[in-house]
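Heads up: the protein sequence lines correspond to chains V and B, in order. According to the working numbering, the first sequence is numbered sequentially starting from 1. According to the working numbering, the second sequence is numbered sequentially starting from 1.
Possibly wrong hints are sitting among the right ones.
Identical copies carry no separate label here, and so any pair may be met within one copy or between two of them.
[What the hints assert, rightly or not] Below, in silico cross-link-like pairs of lysine-lysine (DSS-like), each with a Cα-Cα straight-line distance of 27 angstroms or less:
1. Lys222 - Lys329
2. Lys414 - Lys318
3. Lys391 - Lys374
4. Lys206 - Lys226
5. Lys149 - Lys180
6. Lys318 - Lys180
7. Lys374 - Lys24
8. Lys246 - Lys329
9. Lys340 - Lys168
10. Lys24 - Lys414
11. Lys336 - Lys318
12. Lys246 - Lys414
13. Lys180 - Lys168
14. Lys206 - Lys221
15. Lys180 - Lys414
Don't read these hints as lab results, they were simulated from the structure.
Number of protein chains: 2
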Amino acid sequence: MTYIYVMRVLLIILDGVADRPSLKIGLMTPLQLARKPTFDLLAAGGVTGIMDPVSPGVPVGSDTGHLALLGYDPYVYYTGRGPLEALGAGIELGPMDVAFRCNFATVSDDWVVIDRRAGRISDEEAELLASTLADLSKELSLDAELVFKHTVEHRGVLVIRGAGLSEKISDVDPHREGVKVQMPRPLDSSDNARRTSEVLRNFLVKSREILEKHPVNIERKKRGLKVANVLLPRGAGRLPSLPSIKERYGVKGAVIAGGAIYKGVCRAAGMDVINAPGATGTINTNLDSKFSTMIEALCNYDFVLLHIKGTDSASHDKNPELKARFIEKIDSALGKYLEKFLDDVIICITGDHTTCSTVGEHRGDPVPILIHGKGVRIDDVNKFDEISCSKGGLGRIRGLDLLNILFDLANITKMYGE
Amino acid sequence: MTYIYVMRVLLIILDGVADRPSLKIGLMTPLQLARKPTFDLLAAGGVTGIMDPVSPGVPVGSDTGHLALLGYDPYVYYTGRGPLEALGAGIELGPMDVAFRCNFATVSDDWVVIDRRAGRISDEEAELLASTLADLSKELSLDAELVFKHTVEHRGVLVIRGAGLSEKISDVDPHREGVKVQMPRPLDSSDNARRTSEVLRNFLVKSREILEKHPVNIERKKRGLKVANVLLPRGAGRLPSLPSIKERYGVKGAVIAGGAIYKGVCRAAGMDVINAPGATGTINTNLDSKFSTMIEALCNYDFVLLHIKGTDSASHDKNPELKARFIEKIDSALGKYLEKFLDDVIICITGDHTTCSTVGEHRGDPVPILIHGKGVRIDDVNKFDEISCSKGGLGRIRGLDLLNILFDLANITKMYGE
Chain V
1 MTYIYVMRVL
11 LIILDGVADR
21 PSLKIGLMTP
31 LQLARKPTFD
41 LLAAGGVTGI
51 MDPVSPGVPV
61 GSDTGHLALL
71 GYDPYVYYTG
81 RGPLEALGAG
91 IELGPMDVAF
101 RCNFATVSDD
111 WVVIDRRAGR
121 ISDEEAELLA
131 STLADLSKEL
141 SLDAELVFKH
151 TVEHRGVLVI
161 RGAGLSEKIS
171 DVDPHREGVK
181 VQMPRPLDSS
191 DNARRTSEVL
201 RNFLVKSREI
211 LEKHPVNIER
221 KKRGLKVANV
231 LLPRGAGRLP
241 SLPSIKERYG
251 VKGAVIAGGA
261 IYKGVCRAAG
271 MDVINAPGAT
281 GTINTNLDSK
291 FSTMIEALCN
301 YDFVLLHIKG
311 TDSASHDKNP
321 ELKARFIEKI
331 DSALGKYLEK
341 FLDDVIICIT
351 GDHTTCSTVG
361 EHRGDPVPIL
371 IHGKGVRIDD
381 VNKFDEISCS
391 KGGLGRIRGL
401 DLLNILFDLA
411 NITKMYGE
Chain B
1 MTYIYVMRVL
11 LIILDGVADR
21 PSLKIGLMTP
31 LQLARKPTFD
41 LLAAGGVTGI
51 MDPVSPGVPV
61 GSDTGHLALL
71 GYDPYVYYTG
81 RGPLEALGAG
91 IELGPMDVAF
101 RCNFATVSDD
111 WVVIDRRAGR
121 ISDEEAELLA
131 STLADLSKEL
141 SLDAELVFKH
151 TVEHRGVLVI
161 RGAGLSEKIS
171 DVDPHREGVK
181 VQMPRPLDSS
191 DNARRTSEVL
201 RNFLVKSREI
211 LEKHPVNIER
221 KKRGLKVANV
231 LLPRGAGRLP
241 SLPSIKERYG
251 VKGAVIAGGA
261 IYKGVCRAAG
271 MDVINAPGAT
281 GTINTNLDSK
291 FSTMIEALCN
301 YDFVLLHIKG
311 TDSASHDKNP
321 ELKARFIEKI
331 DSALGKYLEK
341 FLDDVIICIT
351 GDHTTCSTVG
361 EHRGDPVPIL
371 IHGKGVRIDD
381 VNKFDEISCS
391 KGGLGRIRGL
401 DLLNILFDLA
411 NITKMYGE
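From just these sequences and the hints, can you work out the full model?
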C-alpha cells in the first residue's frame, strides 16, 4: 500500500496587501518598503509568483475576491454582498430571505450624505444603536420580519424575511458623499420587488426617527462627533448555492477573520468560523491572538484561512507608510509562531486584491503570492513583494486555481484519469 | 505567393519526468541532478517554460494527460482508460464495445489482493497466460464475445462485445493491496449494466480457475514467485469520439511508444502507430531503436510523438536517483541522433505530468518544457529542469495549447481571421 504524506494547508490572506509604487514612499510599494524578515524567509525557502484573483485587470471586491480564492467563479456563484455579510454576522439565512449590507452613516436634514461611516463610530455605540432597532418590524406592523445586526465599526447587516420578497432592489447607499440618499427602487416590475422596496423604505424612515433621538447620538452631537442617524443598505441578495470545499476537495476547513464578509464567504463554502479574541478586523486587531488561534486550528482542520484586514484599511486611507508599518507588525507577530508549524504545513501568503494607496481604491493589478512547505520547488526569489514575486517559479496564476495548487502540494488532491 | 518554410514537429514526452525536490538527492529534482548535455543544449538554443497538462494543481493520469497534450480537453473527450488501452493494444474497437484496462494480479484464496502487479510478471509469462484465456467466451457459452489481450508486463485489455452492453460498470481493481477484490457492480439501474456486470463476473471466476492451475503459475509458485491468479479490470468505457489531428491541424502524425495507453490515445487521435523493435515501455527499453525509428518516421510524417516511460516508473518506485540515471541515458542516446534532424525540425521535450518520487504518485505541479528549432525565440535559460524552465520565455502554458504552439512554430498553422 502506498504511503502518502498528507499535509495541512494554511492560507494567510493580507487584505489588499498588494499596491502600486507611491511617490510618498520613494516610488516603492508598501511591501517593498517594509522590513519583513519572516515573509522574506518564507519566500526564499519557497516558490513565488503573481496571481490574478479573478482575471488580469479586473479589480475585485472583498466578496468576489474571496469567492475566487476559494475556487468559486464569482461570475457563476456571486449573488451580492448582502447574504455573505449576513452569514458572516452569524445569521441563519433561509433561501428566500433577502439580505443587505448596511452602513451606519451621517445625513443632513434633507438626506444628503455627510459621512458614509458616521465618523467611524465605535463598536460599543453601534451595538447600542442596533439593539434599539431590534423590534422595529413589530412596531412597523409589517408582515415581513426585519433582522438588523451590527458587525464591525459602522457596519451591519439587514435581513428581510417573509413571503413574496425580491432581491431586485436598488442600493440605498449612494457610495459617495455630498449626494442624497437614494430611496430603494424595485429593479424589475414584479410585485415582490415593489413590495420589498416599500418595506425597506418604511424601515429607513422609521429607523432614522429612532436613531435621531437616540441617547448615543445626542451624546455624540454634544461631543462634536458625527451622528449615526441613518442606515444605508446595499448589495441586496439571496443565499448563494456553493458546493462546499468538503465536497470539492475533501477537506475540513476553518476561517479566522475579524470582518463579517470573510467569515460569510467561508461559511457559504461550508467552513467553520473560529473566533479569535480581540480580532477586530481593524489595524488594532490582536495579531497574537489570531496567530495562536491559527496554530490551534491547524491541529483540528485540514485547511485554515487566516484573514488580516488592516493592510486594506491603510490603503483606503491613502497611507502607504502606515500600510508598510502594519505589514512589519504582521511579519514580526507571525515570526514568533513560525517554528510551531513550519514543518508539516503548506503555507501560502497572498492578498485578495491590490488596493492602491495612491487612489485609495481596489485595483486589478495581480497580487504577489508565496508558497512554502515540504516538496515545494524552491525558486531563487527571496523577497515577498509585487516585483520580486513576478520573477518566481509559479509564474502568473489565477485565484480560481489556488486551492487546487495548495491541496495538490499537500498531497490531498486525487488524480484525474488513470 | 509567399513561400513558407514548413517544418516537421517532434514531440518527445518523458513520462512523469517532472518531480519535486527530494532529500534523498540533496533537495534537488532528478532533472536538476542528472548530467544531461543534450537537453541542456536544446534548452540553451531554444525557448523554455512550464506547462500545466490540464490546469494548475490538477494531477492527471497517463490517459487524461496525453489527451490534453494532443489538444483534447479530457473533461470533454475522456471516456475512461479501457477503450484507449484497447486501441493501443491494436484491437479494433466498435462503438458499442465495452473495454477495460486489466492487471494480472495476485490474490489470496479469499480474494484479498496481495500484489496488484503479480510480482511484475514477465511479458513472456503473461503472453502464455493470455493465450489460454482466448477462447473463454465460447467456454462460458456467453452471447457476448470476450477479447483479452496482453500488452506490457502485468498489463492487459479486456473487451466485451455484443448487443445490450453498458460501460456503467464499477472497477474490479480496488486500486490498493490488502483489501478484497470488488466484484463488478452495475453503476446505473439499466438492464444492460446488470447484464454486463454478470458477464464480467463469470469471466473473473472462470479465468481465475484457469489461471490457478496454469503451468506458468505452477512454475512461479515452485520458484517462490507471486502467481498471476486473477485479472483486475478497471476503467470501463466506450470508444471516445475525437476529431483527428489531421482534421484539426492538417497534419499526418505517428507515435512511437512502448505502453499501450500512449499508442491508444494517439490512435484515437487518428495517428499511426509505429513499432520500434525492443521498445518495451520499461526502463530497459531499447532507446537506440526508438530514436532511429523516430528519425525514419520524421521522413514520412509531419508530426512524430516519441514516448519514453521509464522516468515515470522510477518515480513510482520512489527512486529519484534511478530516475536521474535514466534521464542521463535518454540524454546520451538522443545526443547521438541530434545532428540528423536538428536543422529541419521543431523539437519539443516535456513531460505529461509530475510524478513525485517522494510520494510515488502523479502530482499536479507543472512540467518543464523546451522547444528548439528554426525561428524559435531563444531565451536565456540553458538548463532543462523544473526551476530553470520556470524563468523561460514561454512563461506558464497549458497542455491544451501545446500542439497549436508547435504547429505554429513549424509554420503549419493557418491564420485565424484575415
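* Which numbered hints does this structure break? -> Per hint list: 1, 8, 9, 11 violated.
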